Amino acid sequence: MHRPDTRTVTVHGFKVFDPDSREMQVAACKATLDTIGKVATAELVPGTAEDVPRHALDDQGRYRRIPTGWGALA
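All residue numbers for the sequence shown refer to the working numbering, where the first residue is 1 and numbers rise by one.
Treat the hints as calculated values from the structure; they're not laboratory data. Check before you lean on any hint, since a few could be wrong.
As the list claims (entries may be wrong) - Estimated spans, in silico, between C-beta atoms of each pair:
1. Arg-54 <-> Arg-22: 33 to 43 Å
2. Thr-8 <-> Asp-59: 17 to 27 Å
3. Arg-7 <-> Ile-66: 14 to 24 Å
4. Pro-19 <-> His-55: 30 to 40 Å
5. Arg-65 <-> Leu-44: 11 to 21 Å
Computed from a predicted structure; not experimentally measured. Using N, Cα and C, we set each Cβ at its ideal position, and we do this for glycine too.
Modelling step: build the complete structure from the supplied sequences, incorporating the hints.
If you want it as structure tokens, here you go:
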């Protein structure tokens, strides 16, 4: 029997309403579908799914890529 890998989780890009520009803007982070669903104005950005280590999420289920200063983002 195949067991799913619980060490990774899928996060997605999403848009939220920005009151300053009065437009939907892409969020600075990715998040789990559960987290995105809790934001009233959030819209999923199709095609942005990414599997990341579960430990890389913050307490709210968000994933932020950290610039390393050497090439690609971590």
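Right, here's what the structure says about each hint:
1. Checked against the hint of 33 to 43 Å, the pair Arg-54 and Arg-22 passes, with Cβ atoms roughly 36 Å apart.
2. Evaluation of the 17 to 27 Å hint for Thr-8 and Asp-59 yields a pass: the beta carbon distance comes to about 18 Å.
3. At roughly 19 Å, the beta-carbon separation of Arg-7 and Ile-66 lies within the given 14 to 24 Å, and the hint holds.
4. Against the hinted window of 30 to 40 Å, the Cβ-Cβ separation of Pro-19 and His-55 comes to about 33 Å, which satisfies the hint.
5. For Arg-65 paired with Leu-44, a C-beta distance near 18 Å keeps the hint of 11 to 21 Å intact.
Checked against the numbered hints above, the structure violates none of them.
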